[in-house]
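Work out the full structure: start from the sequences and follow the hints.
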Amino acid sequence: MKGTALRDAGIAAAVAACLFVPIVGLRTEPGQTGALALQPRFGLVALLVAAVFFGRLVIIGWHSRRRPAAGTKPRFVLPEVGRYAAPALLGFALLLPFFPFTGRYELDIGILVLTYVMLGWGLNIVVGLAGLLDLGYVAFYAVGAYTYALLAQTFGLSFWACLPLAGLTAGCWGVLLGFPVLRLRGDYLAIVTLGFGEIIRIVLLNWTSLTNGPNGIGGIPRPSFFGLPFSSGNEPGSFSHFFGVEPSSVQRVVFLYYLILALALLTNWVSIRLRRQPLGRAWEALREDEIAARALGINVRNTKLTAFALGATFGGLAGAFFATRAAFISPESFTFNESAIILAIVVLGGLGSQLGIAISALVMIGGFELFRDFGEWRMLIFGGAMVLIMVLKPRGLVGDRTPTIALGARKTIDAGLISQGQG
Amino acid sequence: MAYALQQLVNGVSLGMIYGLIAVGYTMVYGIVGMINFAHGDVFMVGAFVSLIGLLLLAGGVDGPAAILLVLVFAMGITAMYGLAVERIAYKPLRGSFRLAPLISAIGMSIVLQNYVQLAQGSRVKPIPAVVPGGLDIFTDANGFVVSISAIQALIVVTTLAVLAGFTVLVTRTPLGRAMRAVEQDRKMAGLLGVDTNRTISLAFLIGAALAAVAGCLYLLRYGVIDFFIGFVAGIKAFTAAVLGGIGSLPGAVLGGLLIGLIETFWSAYFSIQYKDVAAFAILILVLIFLPTGLLGRQEVEKV
Chain A
1 MKGTALRDAG
11 IAAAVAACLF
21 VPIVGLRTEP
31 GQTGALALQP
41 RFGLVALLVA
51 AVFFGRLVII
61 GWHSRRRPAA
71 GTKPRFVLPE
81 VGRYAAPALL
91 GFALLLPFFP
101 FTGRYELDIG
111 ILVLTYVMLG
121 WGLNIVVGLA
131 GLLDLGYVAF
141 YAVGAYTYAL
151 LAQTFGLSFW
161 ACLPLAGLTA
171 GCWGVLLGFP
181 VLRLRGDYLA
191 IVTLGFGEII
201 RIVLLNWTSL
211 TNGPNGIGGI
221 PRPSFFGLPF
231 SSGNEPGSFS
241 HFFGVEPSSV
251 QRVVFLYYLI
261 LALALLTNWV
271 SIRLRRQPLG
281 RAWEALREDE
291 IAARALGINV
301 RNTKLTAFAL
311 GATFGGLAGA
321 FFATRAAFIS
331 PESFTFNESA
341 IILAIVVLGG
351 LGSQLGIAIS
361 ALVMIGGFEL
371 FRDFGEWRML
381 IFGGAMVLIM
391 VLKPRGLVGD
401 RTPTIALGAR
411 KTIDAGLISQ
421 GQG
Chain B
1001 MAYALQQLVN
1011 GVSLGMIYGL
1021 IAVGYTMVYG
1031 IVGMINFAHG
1041 DVFMVGAFVS
1051 LIGLLLLAGG
1061 VDGPAAILLV
1071 LVFAMGITAM
1081 YGLAVERIAY
1091 KPLRGSFRLA
1101 PLISAIGMSI
1111 VLQNYVQLAQ
1121 GSRVKPIPAV
1131 VPGGLDIFTD
1141 ANGFVVSISA
1151 IQALIVVTTL
1161 AVLAGFTVLV
1171 TRTPLGRAMR
1181 AVEQDRKMAG
1191 LLGVDTNRTI
1201 SLAFLIGAAL
1211 AAVAGCLYLL
1221 RYGVIDFFIG
1231 FVAGIKAFTA
1241 AVLGGIGSLP
1251 GAVLGGLLIG
1261 LIETFWSAYF
1271 SIQYKDVAAF
1281 AILILVLIFL
1291 PTGLLGRQEV
1301 EKV
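So the sequences go chain by chain: A and B.
Under the working numbering, the first residue of the first sequence carries the number 1, and numbering increases by one thereafter.
Under the working numbering, the first residue of the second sequence carries the number 1001, and numbering increases by one thereafter.
Hints listed in this document are in silico derivations from the structure and should not be mistaken for laboratory results.
Just so it is clear, the structure is predicted and the values come from calculations on it, not from any experiment.
Keep in mind that the hints are not guaranteed to be accurate.
Partial chain A-side listing against chain B, Cβ under 8 Å, derived [stated by the list, open to error]:
1. LEU19
2. LEU176
3. ALA190
4. GLY195
5. GLU198
6. VAL347
7. PHE382
8. VAL387
Some, not all, of what chain A presents toward chain B, calculated at C-beta under 8 Å [to be verified]:
9. PRO22
10. LEU194
11. ILE199
12. ARG222
13. LEU380
14. VAL391
Note that CB positions come from ideal geometry on N, CA and C, so glycine has one too.
In C-alpha cells:
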C-alpha cells in the first residue's frame, strides 16, 4: 500500500516536472539585444514538483482513509438548513448598511455581489428552469447598460424612466436571439449564444459613432432618490436638504445598495412566483424532456421565447444598474469571461436553486474580492476553485430539488437522482 | 482576380490552423460528448512550448531539422498538458451531468491562461521570421503579384502530413478502432474489452498534440504570441467544428478551411473589424438551415 502510494506520487511528480520545466522553468524575456532569451528558474520548478509529490501523497492518504465509511454516505443538509439560511441571509443583506463595521468598501463589495446574484437569478430562468444553455448572457447585460447610457446622455431621460426601457430593449434582444435558435439543442445552442455575445461586443467595440468604441461612454448620470439628486452641496431640492441630514457620499452608495437589493429580490420573486404557474411548470417540463413536453401540448416555441425574453430582461435591468453605478461603461466590461462567471455561479450554486445561486455568488465574487491582495494570482485561484467545486460537487452546492407541485407530501429529490440537463 | 487568388492562398493556410484545432474539439466531443473549452488554451500552451523550443535550439540547430525538432518537442509536452487537464478536470466528472464538465473546462481554461501569464509574463512575445522567403506564382496585368510564402507552404504541407497520419491512426490501427467503438457506444465497447478510460485519455492526448502542431505553425506564421491567443482561436476552431458537423473528423477540417476563407475574404473585401462577426453570423445561418452542420449525422430523437 505504502509502496504503491509512493510510486503513484512519484509518477505524478515526474509528469509535473515535464509540464513545469518548459513553461515555468524557462521564462522568455527580452535580452540585451531586444531578442527573446531564456531565463532558467529551475529552483521554482523543483519547489512545484515537490509540492505536487506531497500533495499527491496527501490526496492518496485522504482517499484511503475515507473509503471504509463509504456505506453511510453523509447527506448534504442544505435544504433543511435553507429554511433558516435564506431568511438569515436576507436579514443580513437588509441590515448590512447599518452594521458598525460596514464602511464604503464593504458596501461596494455588497453591491458587486448583489449584482452577480441578480445576474445569476436572471440566467437561472434560462439555464436552470428552461434548461437552455446560454453562454452569451453578458450580451443582454451590455444591451441594458448601453441602452441606459445612450438614452440618458442623448435624451436626458432619468434613471427611473430608463430602467424599464433598458429591460424592455434587452428583452426584445432576447426574443431576437431566441427566434433563430429555437430548433437548436444542447451544445449547438451554447455555441450560437456564445457567438451572439461576441457579435454584440464586437459591434459595441467598432460602432464608434454610437458607442464611442473602446473608449467607452463616461459621465453617465447617477440615479436620483425618486427625483431628489444626491449632491454634496446641500442645495434646495437635493436629498440631504429635503430630509435635513448632513450631505455625505455614503448616502448614494447606501441608496445604490438598496436599489440593487430590490432589483435582485424582484428577480427572485418573479422567478419563484412563475415557477408555480403554468409558464414556469412548462419551463421545467421542457428542461426535463422536450419531446414529452411537446407531446403533452406545451407550445415549445412560446415557452422558450418567454424564458429567453425574461432572462434577458433581468440581465438588461442589471446592466442599467451597472451603468448608473459605474458612471462609465466600455465593451471591456462585457467579455466572454463575464458570461462564464455568471454561468459558473448558476451551475456551482445548483441549477434552479435560488439559495444556492445566492451563496455561490457570495462565495465566488466575495472570495474573489478577498484575494485582491494576491493580484495576478487571484484569477488563477478563481479558475482552480471552479474546477475543484465541480469535481467535489458536480451538482452544485444545493443540488437537491423539491418538486414545485406534488400530490401529498413533497419529497426532496437527491442530487444524484436528477437526470435533467439532457436537452 | 489575382487579389482573390492571393486571398484564397491566405485563407487556406489560416483555415488549416483552425482545422487542426477543430479536430481536437470534434474528436473529444464525439467520444465524450463534452465541449473541451480548455482546448483553445492547450493550443496556446503549444505555441509557448514551441517558442521555448525554438529559443533552446537557437544557435545550435537550424533549418528544417530545427523546425521538426521543435514540432516534436511541442507535441510531446503539449500532449502531456492535454492528458493532465483531462486527468484533473474531466476524469472525475465522467458520467456526471452534462454541465459539470463544461464548467470545469471553463475553469481549466481560466487556469491555463493565468498560469501561462504568471509563468511567462503578460507581454507579447515576438520572434524574428524563422522561415523566410516565398514563391511568386504570377503577376497580373496591373502588376499585382500573387505569391505563396514559404511558411504558408509549410503550413499546408505539415497540416496535410499530420492529418494523413491521423487518418491512418483512426481508420487502420487498433487504437483508432477502439476510439470509434467508444464513440458509438461506450458501455458496449467496455463490455467487449475496450479500455474506455485509456481510449478517452488518448483522445485528449492526440487532440492536444494536433493543437500543438497548430500552435507551432501559428507561431512561425505570425511571429507573435501572447497568453490570450487561445481564446479567439479556440472559439473560431470550435465554430469550425460545429460548422463541419461536430463529431465528424473530415467535417472539422472542412469547417476550419471554410472559417479561414470566410474570415480572409471578409477582411479583404469588407471590413477587418467585423471579420469575427462574419464568422459567427455565417455559423448562425448555417445552423438555422443545417442544424447538424455540413457533414454531421442526423441526430435521432430518442424518447
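The hints, checked one at a time:
Nearest Cβ of chain B to the Cβ of A/LEU19: about 6 Å, under the 8 Å cut. The hint holds. At about 12 Å, the closest approach between the beta carbon of A/LEU176 and any beta carbon in chain B exceeds 8 Å, and the interface hint on this residue is violated. Checking A/ALA190 against chain B by beta carbon gives a least distance of about 7 Å; that is within 8 Å, so the hint holds. Checking A/GLY195 against chain B: minimum C-beta separation of about 4 Å stays under 8 Å; hint holds.
This hint holds: A/GLU198 has a C-beta 6 Å from the nearest C-beta of chain B, less than the 8 Å allowed. Of the supplied interface hints, the one on A/VAL347 holds, with its beta-carbon coming within about 5 Å of a beta-carbon of chain B, less than 8 Å. Annotation: A/PHE382 was flagged as interfacial toward chain B, and the flag holds, the nearest CB pair being 6 Å apart, inside 8 Å. The restraint placing A/VAL387 at the interface with chain B holds, with a minimum CB-CB distance near 4 Å, inside the 8 Å limit.
At a threshold of 8 Å, the smallest CB-CB gap from A/PRO22 to chain B is about 5 Å, leaving the interface hint in force. With a cut of 8 Å, the hint placing A/LEU194 at the interface with chain B holds, because the nearest CB-to-CB distance is about 7 Å. Nearest Cβ of chain B to the Cβ of A/ILE199: about 5 Å, under the 8 Å cut. The hint holds. For A/ARG222, the interface hint is violated, the least distance from its beta-carbon to any beta-carbon of chain B being 32 Å, above 8 Å.
With a cut of 8 Å, the hint placing A/LEU380 at the interface with chain B holds, because the nearest CB-to-CB distance is about 4 Å. A cut of 8 Å between beta carbons decides the hint on A/VAL391: the least distance to chain B is about 5 Å, and the hint holds.
Hints 2, 12, counting from the list given before, are not met by this structure.
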